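Student: Protein chains in written order, with this note's numbering: chain A, 1 to 295; chain B, 1 to 203.
Each statement offered as a hint is correct.
Below are the EDC-like pairs computed for lysine to aspartate or glutamate, each with C-alpha atoms no more than 20 Å apart in a straight line:
(1) K91/B - E70/A
(2) K247/A - D59/B
(3) K92/B - E37/A
(4) K92/B - D73/A
Just so you know, the hints here were simulated from the structure itself, not pulled from any lab data.
Computed from a prediction, not measured in an experiment: that's the story for all the values here.
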Amino acid sequence: MEPITGTFTVKSGLAEMLKGGVIMDVTNAEQARIAEEAGAVAVMALERVPADIRAQGGVARMSDPEKILEIMDAVTIPVMAKVRIGHFVEAQILEYLGVDFIDESEVLTPADEEHHINKWDFKVPFVCGCRNLGEALRRINEGAAMIRTKGEAGTGDVVEAVRHARAVLGEIRRLQTMAPEEMYTYAKNIGAPYQLVKLTAEMGRLPVVNFAAGGIATPADAAMMMQLGMDGVFVGSGIFKSGNPAKRAAAIVKAVTHYRDPAILAEVSRNLGEPMVGRTVESMPAEERIAHRGW
Amino acid sequence: MKIGVLALQGAFREHIHKLQALEVEASEVRLPDHLRGLDALIIPGGESTTMGKLAESFDLLQPLKAFTREKPTWGTCAGLILLANRAARQKKGGQPLIGGLNITVDRNFFGRQVDSFEADLDVPALAQAARPEDPTGPFHAIFIRAPAVVEVGPQVEILARLPENGPIVAVRQGHLLGTAFHPELSNDLRFHRYFLRMVETGR
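So that you can see chain B by itself, here it is in the shape it has in the complex (with noise of 0.2 Å):
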């Protein structure tokens, strides 16, 4: 299994470090050609409108559109926000999304920096792909000028909530994962298992 990090910018060393914690051979995607050969894709968090303009000046917008109807796929905060079919609060003008995932982020929904926070959360279908090794129960999240997401299409299964039923923040819809925060940066391994989980079983 090989798995490819967008690596226009961001924090994809992180998830490259995750992944070879979990010994899965990982690589930087930051030209078209890097993504010959990859089972899936991680799209990492950073600032979602440098990612989208850098895609775009190097024609990585379409090959990524191709890879990610097809190929597992998951994006954490700013790649939550380019697999978004619809993102509110864009910058003016507008940014390229590659879509995907059937729903509506709002970009810096919890507001600037000095809001930004950890928290815990309670995410049920982490059970499936945990390790004895793993920790339990909630899982530890950070969020960094984080986006939530506003609205679900029917396809679209709610992964976790912010306690007492408040935003959506991590969804999946068959192949696609999508993520607020940022579980590269905790000291955690089960969002990284699940997905793994998900690549394996080819959905």
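Just chain A, same shape as in the assembly (with noise of 0.2 Å):
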């Protein structure tokens, strides 16, 4: 057999390796290069972290491929990218450029109510948001190679982060109960595939790993979601917004490996310096949430 490129065991096995780990948003070089002295797995180039484009409004976009080579360039940890929901051709670009993940996100604004892009298409993987069974499983079938929760993005209110992780591993808890015939019905009402529905009751997991996201601010949260059962976490505004960036990647980094472990947390929690400010999300008008964005 000649090499193969591009296959979903690839796609997936990238995720595989990244678990246990945390992803950093990072919007230059300098901070890229913190992330990655601070042991991230990966960095996610963007423009602006999402509390910015929260704060900015306006349509928000891929980021300048130029901003994304220099972090390409700066580190040798993976480096993922962000497209609007449903923009295939911006997702041709990253692809070109050498992105080694994609995230197709809500945190930008959506260029297709409808669709999401077929993530089939392309020899990079991507990774897609949800909030629930369902939702993760549609992207799944697209295509998507790994899955993380949405939370609110840009808040530092880990409370979204919780709901949809509790949404999910909660839904596959329930499905491992259920009669074959159950599963039937159970497939229709959240509008995912039977197939998929039924390998998600087999495995006891999702298909592909399943990463926290939206909201994370300290080691406690991040350390919370790996208890709830989550792989590994992106932590986005989070670190940059904070006062002393690189001593609170460097937290959430230990954090995350030794998250059963109190004693460790306590002493990574110690001196961090200001967290990011944030905003409940509760105190949020519906208008001003991304969470539901997404189909």
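Grab the two chains, each in its own frame, and use the hints to assemble them into the complex.
Tutor: See below:
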């Protein structure tokens, strides 16, 4: 057999290698280096972190390729970048640039209000957000090689990440107790393909790696997501909107590895400086929330 | 027999599942204490910079060096990088390595993720440990942003190359084993059996 690239095995395989790690949002080469030094397993290259996208408003799009290339040059770890939901041409551009993973992200302004990208068309793997099991399995059906909870990005409030993680993991637990005939109806009700529902029940977990995202700001937040059963965490605004990014980044990395060890969690949580200011999701008007984007 | 799997980050669970499938006791290693009582160690795939950083932060680097000097150890992908005496294309400012294998690895030799691939490898040595229920013929290997071995010292045995006399992707030096790919992701136990045999024969 000739060597073959771009298979689902190698796409989901990269996600497997990121497990137990922290993926950090960065906006320039200097931040990318800080993230790599802190032990990040990958960086997400962005022009603006979600907190700034929220503050500045307007249409949020794929970052300038110049910016992404600058970050790719600065580090040896995988580099991810975001495209708008449904914007397959932004994805073609990122694939051409050699980005290691594409995040089809609700943090940017959606380009298509009915369709997500057909991710099977690409050699580069995709990660997509979800709020529940049905949404996760629809994205996997479209070719996503990795899933993350949406949470509520750019808030520093972990409550939505917890809600979405508990929704997905709780639904998987319930699925495992179902009779086969119940599973058909369940698949219909959650709008997910039956074969993926059945596979999830057999495996007892999502068929791809599942990270937490959207509002994680402290080592304790990160460790909580791991104890809930997530495979790793994305930290967006939480690091570079805090008082001491290098220290906080390293602390969150340590917390994800030692997530069950309260002595280490206590130690790494000390003297981290100011966390990102944050705003509670509860206080936000519905139109400012972004987790509902995606279908 | 008890085998530890370095669990700082990466695909450690998959190695543990393979060991369990072979009815071997397996445990996770995150701190120096966790090395006590182990007969062998596997260093999984993941990010070598992250693992190196975490090993340094929790004073695990010296204990790992001491352990791997004597006891059978197998590194896959990032684990191969960590077990190499020399690594090309390290992150800026360099990165901590455990060392032991007298080789030079080139990190991400094959390029970025879009260049990750699957390939069939001829690995004659696997026949020593294979069982009747195992697949026969080539080993189907999965390479993810993989390194390659670009220099080997005289004591190093080359176990596998890519087809047509391609780059070296599996090596052994006495009690140390290194693979640039991920047998923990393949549906094939032969590499794990091969390592267990190394542990059993005490080399």
